[in-house]
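Quick note on numbering: the sequence shown equals residues 24 to 270 in the numbering used here.
Source of the hints: derived by calculation from the structure; they are not laboratory data.
As the structure is a computational prediction, the values presented were derived from the model and not from experiment.
Incorrect hints may have been included.
Below are the BS3-like pairs computed for lysine-lysine, each with C-alpha atoms no more than 25 Å apart in a straight line [unchecked claim]:
#1 K136 - K104
#2 K249 - K263
#3 K148 - K136
#4 K149 - K136
Pair ranges (Cβ atoms, derived) [to be verified]:
#5 H33 - Y122: 31 to 41 Å
#6 L137 - L266: 36 to 46 Å
#7 H33 - D103: 17 to 27 Å
#8 P199 - S267: 14 to 24 Å
The beta-carbon is built from N, C-alpha and C at its ideal position, and this holds for glycine as well.
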Amino acid sequence: MADNNDIKIHVAGLTKDFGDNHVLKGIDIDIHAGEVVCVIGPSGSGKSTFLRCINRLEEATSGEILIDGVSITDKKANVDKIRQHVGMVFQQFNLFPHYSVKENIMYAPVELKLQTKEQAEETAKKLLARVGLSEKLDAMPRSLSGGQQQRVAIARALAMNPDIMLFDEPTSALDPEMVGEVLDVMRELAEQGMTMVIVTHEMGFAREVADRVCFVDGGVIQEQGKPLDVMTNPQNPRTKEFLSKVL
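Please take these sequences and the hints and turn them into a complete structure.
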């Protein structure tokens, strides 16, 4: 893990309200370059909302979020420009059903004029090889399994050449036997030094891959630390209770 000069994501006093529902009640965290942070906690605890605030799919109610030192909570921020460096993978794969796998991956770089069609096609081929789906270049999404679609979704996010990847429960919509193939791709990204924030229920994966685990409940980070410490010797009673049910 890097020193303090290497903070990729800085979150201070982050709150998010939906009407009278106070979902995030003050999140503070610094995430360093190359760090893998797994966010765990019960459903409805604010994990996904936290992730969506990081790339401003949700507007923070208050607080500050800096990505590479640039505020995305500033109303004048060029969110699209900042988002180009932050890839996001959702529970549902959200692939364009009428585009082939290759076209799904090419779409954003070409649309945003970051690459020519030829360059984007070359990138798509490389990324599909990287996620183990070279043979699916011209396939349509509906012909793929859930695990394959999620790997295409990861390739699509990587096509923007991000230096931060956000994963919102990327395996929760998958059949159990397909979970491993998606986690393998994520494991490889972690080994290659990608900065990653992962909301997950996969405790074994979190223990193995994360540099840090954060337990979120009631809209705040209740406990965080090295995976082994948090999972085998939690200090917070709420963390203990949660882990006793899921481990």
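Going down the list of hints, with the structure as the test:
1. K136 - K104: holds (13 Å)
2. K249 - K263: holds (15 Å)
3. K148 - K136: Holds - the C-alpha atoms of K136 and K148 are around 19 Å apart, at most 25 Å.
4. K149 - K136: holds (19 Å)
5. H33 - Y122: 31 to 41 Å: holds (36 Å)
6. L137 - L266: 36 to 46 Å: Given a distance of about 43 Å, which is inside 36 to 46 Å, the answer is holds.
7. H33 - D103: 17 to 27 Å: holds (20 Å)
8. P199 - S267: 14 to 24 Å: With a Cβ separation near 22 Å, P199 and S267 satisfy 14 to 24 Å, so the hint holds.
In terms of the numbered hints stated before, the structure departs from none.
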